[in-house]
Every structure is written in C-alpha cells, then in structure tokens.
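Keeping their order, the protein sequence lines are chains A and B. Counted from 1, the first sequence has number 147 at position 147 by this note's numbering; the numbering is strictly sequential. Counted from 1, the second sequence has number 41 at position 41 by this note's numbering; the numbering is strictly sequential.
For the record, the hints were derived by calculation from the structure and aren't laboratory data. Treat the hints loosely; a few may be bogus.
[As the list claims (entries may be wrong)] Not everything, but these chain A residues come out facing chain B in the computed CB check (under 10 Å): (1) LEU5; (2) ALA16; (3) PRO20; (4) LEU176; (5) ALA180; (6) PHE219; (7) THR225; (8) GLN307.
Please read these numbers as outputs of a predicted model, since none were measured by experiment. Every residue, glycine too, gets a C-beta built ideally from N, C-alpha and C.
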Amino acid sequence: MIMPLLGSLLLVVLAAVRVPSGMRRMPRWYSLLLPLALWLVAVNLSMPLPKSYPDSPAPGLVSQGLQKLDQRGLAGIQCVIVVEGSSLTMNGLDGNRVQQVLTEQGIPSLVIQLSFAGANHAERYEYLKEFVEALPPNQVEALRRVKLILCREVELGYDKNPLSNFLRNGSTGRSLRYLAPSQLPMIFSWLALKYRPITWIREHTLLTNLGGCALFNLFHVGYLTRMQDISPPSKTAPFIPNLTQSPNFAPKGSLETVPDPGLDKRLTSTFAENLAWQRKRDSDFRDVFRGLPVSECFFAFPSWSKQNADYNVWKRRQPGKERFFDGDGTPLMAKLSPLSLWYDELHLQEPGAEIYSAEFAKYLAERIRSKDL
Amino acid sequence: MLVGASFVFYAWWDWRFLGLLGFVILSVYFGARLLLKERRKGNRRGALIYLWCCIGIELAVLGFFKYFNFFEDNLLGLLHSMGVHAVASSLTFRVILPVGISFYTFHAITLAVDTFRGSVDREVSLLDVTLYISFFPQLVAGPIVRATVFLPQLESRRSLNGDDLFIALQAIATGFLYKAVLSDSIAPFVDDVFRAPDQFSGVYLLAGALGFYCQIYFDFNGYSLIAIGVSRLFGYRLPDNFNFPYSATSFTTFWHRWHISLSTWLRDYLYIPLGGNRGGRLRQIRNLMMTMLLGGLWHGASWNFVLWGGLHGTALCAERIIYLSKSKVERPTERAEFALSPRLLIGWCITQAVVFLLWIPFRASHFSDTVQFLTGITSWRTVVSAAQQQVGPIPWMLLLLPIACDTFIARALRNLREKPALNPELAFSILIVAALSVALIAKTGLRTFIYFQF
Chain A
1 MIMPLLGSLL LVVLAAVRVP SGMRRMPRWY SLLLPLALWL VAVNLSMPLP KSYPDSPAPG
61 LVSQGLQKLD QRGLAGIQCV IVVEGSSLTM NGLDGNRVQQ VLTEQGIPSL VIQLSFAGAN
121 HAERYEYLKE FVEALPPNQV EALRRVKLIL CREVELGYDK NPLSNFLRNG STGRSLRYLA
181 PSQLPMIFSW LALKYRPITW IREHTLLTNL GGCALFNLFH VGYLTRMQDI SPPSKTAPFI
241 PNLTQSPNFA PKGSLETVPD PGLDKRLTST FAENLAWQRK RDSDFRDVFR GLPVSECFFA
301 FPSWSKQNAD YNVWKRRQPG KERFFDGDGT PLMAKLSPLS LWYDELHLQE PGAEIYSAEF
361 AKYLAERIRS KDL
Chain B
1 MLVGASFVFY AWWDWRFLGL LGFVILSVYF GARLLLKERR KGNRRGALIY LWCCIGIELA
61 VLGFFKYFNF FEDNLLGLLH SMGVHAVASS LTFRVILPVG ISFYTFHAIT LAVDTFRGSV
121 DREVSLLDVT LYISFFPQLV AGPIVRATVF LPQLESRRSL NGDDLFIALQ AIATGFLYKA
181 VLSDSIAPFV DDVFRAPDQF SGVYLLAGAL GFYCQIYFDF NGYSLIAIGV SRLFGYRLPD
241 NFNFPYSATS FTTFWHRWHI SLSTWLRDYL YIPLGGNRGG RLRQIRNLMM TMLLGGLWHG
301 ASWNFVLWGG LHGTALCAER IIYLSKSKVE RPTERAEFAL SPRLLIGWCI TQAVVFLLWI
361 PFRASHFSDT VQFLTGITSW RTVVSAAQQQ VGPIPWMLLL LPIACDTFIA RALRNLREKP
421 ALNPELAFSI LIVAALSVAL IAKTGLRTFI YFQF
C-alpha cells in the first residue's frame, strides 16, 4: 500500500523540481554531497541492515537457536556447545544427538546448531554474530557460568575461499545480508592475499558483484519493498538429513587418511597459502563472543575426496588445531566405510550422520573430562 | 573510449554477436561512403543502387536473425498441414535473436538513407559511424536516433553544465522510478493473470490488462529516460521517446507521443517514401496500413504483433476518414494543457480504451488467450480457482494511482509554461534525496526490460 503512494509522490516531486533554464554553472559541491552524506547516515542509523533480508536463512537459524536456549534454560547445564558449519554439518551432524550422547555420558549439555547448505565463512560468521548479539543480558550472564564451546567446521572448499558460493547465490538477500560492513576487513584481507593483478581481471565478475552488493547495502536499495515482501522470516532447520544417495556418487579409493609423510608437498603448499587470512578469520570468530570465555574445537568430516582428506590431515597438524576431530584414531572411519551411509563424496546420509554425531559427542566428552575443552 | 565501452557493454550480453554488430557497422560505413561518392558525382542511379544494397544488407541481417524462426515455424506449420512431416522436421533450425538488432539495423538504414537524401553530406569516419550505431545507452532498446541528430554532436565540443547535469539526473531518477518501482511491482500480477487467463474472473482480467497498460509504459519509458539521462551525462542529447501518451485524445496524437523515435522513423523512412498523404484517400489508407503492419512486425516475429499493428492502423485510418470529412477546427488538436472539454474527454476515453484493449494481443502468448481476455471481460465472468486465490486481492492502488499521477499531475507540472525554478542548490539537493528515496523503495532483482526482446 505504501509503495504506490510513495512512488506517486516521488513521481510528482521529480516532475516538479527544476533549476533555472540554461543554468551554465555546475552546482556547488555541497548541494550534491551534503544530502548524500546525510542520507547515508540517516538510513544506516535508522534502518538496521540485517533485518532487511528476511529471505536469508540467518533469521530462522538464529531465532531457533535463541528459542532453544530460552525454552531449555541453563539450569543444570554444564556445557553449551555452539556448532557452525555448511551443508556438511547440516547433513552430517545432528546437534540433538550430540546433546543426548553428552548427557548420557554425564555431561548435561545444550547444543545450538547454526549450519546451512552453501554457507561460506562470511555467512557463518554472520549467523554467529547475529546469534550472540541477539542474546538477552540475563542469558549472557548465565553463559558465563557454564562451559561455552564453539565447534567450527573445517572443509577445504570453504577454507580456500571464504566467499565460496557467493556468485551462485548472486545478489540475493542471503549474499547481501552477509556482505555487511563488519565483513569487509576479512574480505579485503582475503582478496589482498589471494589476488595478483591478472587474477583481478579474471575474477572481474566476482569483484563487480562484490562492489555492487556493497553499494546496494550502503544505500539500502529496495529496503522498504523487501520488508514488505517476506514476512515472517523464512524458516529453516540446522539439521536436514539426507535420505537418498546421489546418482553420481561413485567413489574411488578408501576413507582411510594418508599419514603425514605421505601428503603431497605441492598440495600442502597450496593449503598453506590460505593460512594468513584464516588466522584473521579465527580471531574474528573468537571476538564475536565479546568477552565470554569460549573454548574452540574444530571438526571435519571424513571424505572420499583425496584432496579433502589430505587437507583434514594437514589441518589437524596446524598450530591452534589441537582440538580437532576428524575421526582419526577412532573407529569412525571403519564405521563410515559402507557406501550406503553416504550421499556423495562429502555428505553423509542419515545413518551416517547418526554415527558421526555419536562419535563426535564421545570425542567432546573425553576432551571435556580431560579439561582440554 | 565510448566506442570501447559500448562494445564491452554489448559483449557483456554475448560476445559472439560483436561480429554481427561489427558487420553492420562496416557494411553501412562502406555503403554510405560509396553512396556519397556517387551522389557527389551526380550519379543518382548509382547512389540508389548503393542505397538499396545497404538497406538490403541490413534488412537481410534483421530478417535472418529476427524473422527466420517465425517464417520457418509458419512454413513448417503449412507443410505439416499438407502432410509433409519428413521434410518439415528435417528443416528445423533455430536462430538466436541478438539483443538490440532491431535498433542498430535501423540506425544503419537511417545513416544510408540520410546520406542518400543529402541530410548527411560529409564522409563520416569509421569511428563516428561506430559510435553512432553502437552508442551504448541506446544500443539495445533505443531511442532510435537520426544520423542528422547524432553526428553533428560528434563534431561540436561537448561540455557538461549545470542544466545538463540536472536534466540527466532527473531523467535517470525518473526512469529508475518507472522501471524499478512501478513497472516491476506491477509485473508479477500481470504475469500471473496472463499466464492462465482461463483461471481468472472478468475483474481480474480487466485488472491484468490494465496492469500491462501501465507496465509497458513505465518499463519502456523508464529505459528510454535512463538512456537519455546517461547520454546527457556524456554530453549527447537523444530525442524524447515518450510524451505522456496516455493523455492522448486521438490515435494520431497517441502515436505522436508513444515511442516517438520509432513512429517518426516509420513516418519519415517508410510512410512518406510509400507516398504519404499524397494521392487519394485509398492510397493514404494503404500507406498507413502498410506502415502500421510493418511497425507491428518490427516489434517481434509473431502474428500477435502484426494484429496489434494492423488494429492500430485501422484505428488511425478510421480517425483519418472521420476527420477528413470535417473542418480543421473540429479536429482534436495537440494542446499543451489537458483541457477537459467534453469533446476531448470523449476522444480521450475512446482512444485510451482502444489502446488499452490492443495491449492484450500484444502481451498474450496465443491468440486464444486474447479471446479468453475479451470474452472474460465482456461477460464479466466469475471464476473460483487456486490461481486466482494465490494472486490475492487486485492491487488497484498500484494499478491506478501512479499512472493517474503521471498522466495528469506530472504532465501538467512538466508543461507549465511559467515554471517556478528553485534555487539551483536546493533543487539539486531535492533531486538527490528523491533519487535516493527511489532506491529505497525500488524492487530488487530487476526484471529484463520488455523492449530488450525486440
């Protein structure tokens, strides 16, 4: 209703406004820049950007996490475990199962899962940040009294490119939402580290899209119509099990990981190229909790892709990745070796997810007991 | 630099058709040079041969890429109806329509004809021809610019002054408002109704047709205004393409106000060469009908467009027959103000009702859909269907308010003779805030402009 009214009003204003005909001189700078600057300040202060993308999965995930925390409460809880990840986690890790196994093992826990298909580092960071920022003060205080653990997914594709899938999702509310100003330092550091001049030319589509999205956000393009179009926020679930197998799944080799000396040196040097921006990203994730004591734990899924499996082995050896679960040294690899447990090379089916979740929970329990976490 | 930008702009859509664009440019460049040489020698016959060669090449390009599939489909249909299935299926061959081909081939023809007529009386450099044909703001959907309007601008020194900047920003902001706010908001409703007209009640069909009546105007005028504004920023002035056509009180004035660059092109390069108003009444009517039929076909390779052009031609002929029998004083005149005299009001109602109805075959996918629309509206049928429920209530406010504001208020404001001008700085500030407000209420994920398909 408001849009035709505003549109008609603007139509009349644009038709009515005029300058003296034959104006030779250019307008003074302030007549262009001052309204622009005032406008930018006004819209960016009065119209919170994240709320303007209700079609993104973020609002659904965050509200479910908050709801779970609110309903269960923290009375009698020893650990709150926040899990973040992409489709691998969404298909392969059942937060409720992890919670159940931990409780059975004598560690009453609450698992908040923030995972979604195609979620890259930028998007996952945004979920987490929005979740923490939405916590009411009493829950922040309550979280200080329990053990808070952040479990982060490790996967080669996303670790190589924090904006992986950005072009696939295009200028949708989903991509625009996570390209908020808070993400720009990470994006710039990644671009600066990765890109040589020739790469800039080759990747012009990505760069122009990034620039376009940044301007889109800065000027709040389409803010009012988006708010009208999608309400309430789109719903999603953090754990969506796969029930079938991909017809293209035809793995070669085995799930067994290669021992350290067997790693391809060329591969490991390409893995290492990404370490610089990943360190920055790791500290960003820790800073999200704004002073809350948080322990960090990494997890990876076994993979039929040799490159991914090698990456997991290599990643486990990096400093700061002492608390890293990929099933190495556990019966997990043997348990997940039947092909029927897999959807494709990387994603598990529901029974596979059940096994992985239980093993992961056991790993966590062991680490919590040994005060490692 | 502009030539380079124009080629990058075109290549962004599909770089493979750069070759075609280059071919059109080179063919008209060499054709116009040879033609000019013959004309200067006083060899009219030789010049005429070169002119027809140029026109033939451009029409062959246009005909092949735009109409091949159309003629092929019709031929196959004919062969199938005659029972010749084997031959028909072996002939199947699809041609992709290059974006903007109707516009840049018309630019090429314009240059050749204007050179033949002497309106362009100098050797135009290859760079100038290239920029004229490929200038990116008007490359894909016009306006169709005359060589006599564009080429002299290349010779003069261009500078951007306050007036240019204001007009450019105003045109871009208005164009963006038309497209991203109004046209794209109406489009989903129109698409839903036209997708399955048999699923909707008469009132929905009426609203859907009204929606397209508004959508096509806002969409095409939006593009034209953006093109005019962007060109102005580079110091080039493109002609107006629309002048509030939905305020027209006769079909003649409607065509003076709708897609002006095409209607005047058809008048000067088709209607007048065919004989124009010379000869008897029958001859005039024949010329007019041919012009309008070809104008309809120019829009797209479909019988719907031919029907649309033909019916507009019929309306123009009927109007001409009626007014030829009356004195000049009684004809509706082009007035700056929309005077509400009963005669003009009746003229406006009839003209707009016919224009409104004729947009239905223009938009409908099949002739049967047009029939569905017309029978649905006239019988005022009631339908209960899932499709109708899914669409929800008719957005009357969206369909009526902006077009009424544009046709009556915005037009009156634009045509004010004694325009109260604001302090320049204040005017620019208001313009900037209005443009930013347009962005705030715009639809995201812009739809393709309707005229890109032509």
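Quick rundown of the hints versus the structure:
A hinted interface residue such as LEU5 of chain A counts as satisfied when its beta carbon comes closer than 10 Å to some beta carbon of chain B; here the least separation is about 7 Å, so the hint holds. Contact between ALA16 of chain A and chain B, as hinted, is supported at the beta carbon level, the nearest pair being about 5 Å apart and thus within 10 Å. Because the beta carbon of PRO20 of chain A sits about 4 Å from the nearest beta carbon in chain B, less than 10 Å, this interface hint is met. For LEU176 of chain A, the shortest C-beta to C-beta distance to chain B is roughly 8 Å, which falls under 10 Å, so the interface hint holds.
Taking 10 Å as the C-beta contact cut-off toward chain B, the hint placing ALA180 of chain A at the interface is violated, the least distance being around 16 Å. Residue-level restraint check for PHE219 of chain A holds (minimum Cβ-Cβ distance to chain B is 5 Å; threshold 10 Å). For THR225 of chain A, the shortest C-beta to C-beta distance to chain B is roughly 5 Å, which falls under 10 Å, so the interface hint holds. Of the supplied interface hints, the one on GLN307 of chain A is violated, with its beta-carbon coming no nearer than about 33 Å to a beta-carbon of chain B, more than 10 Å.
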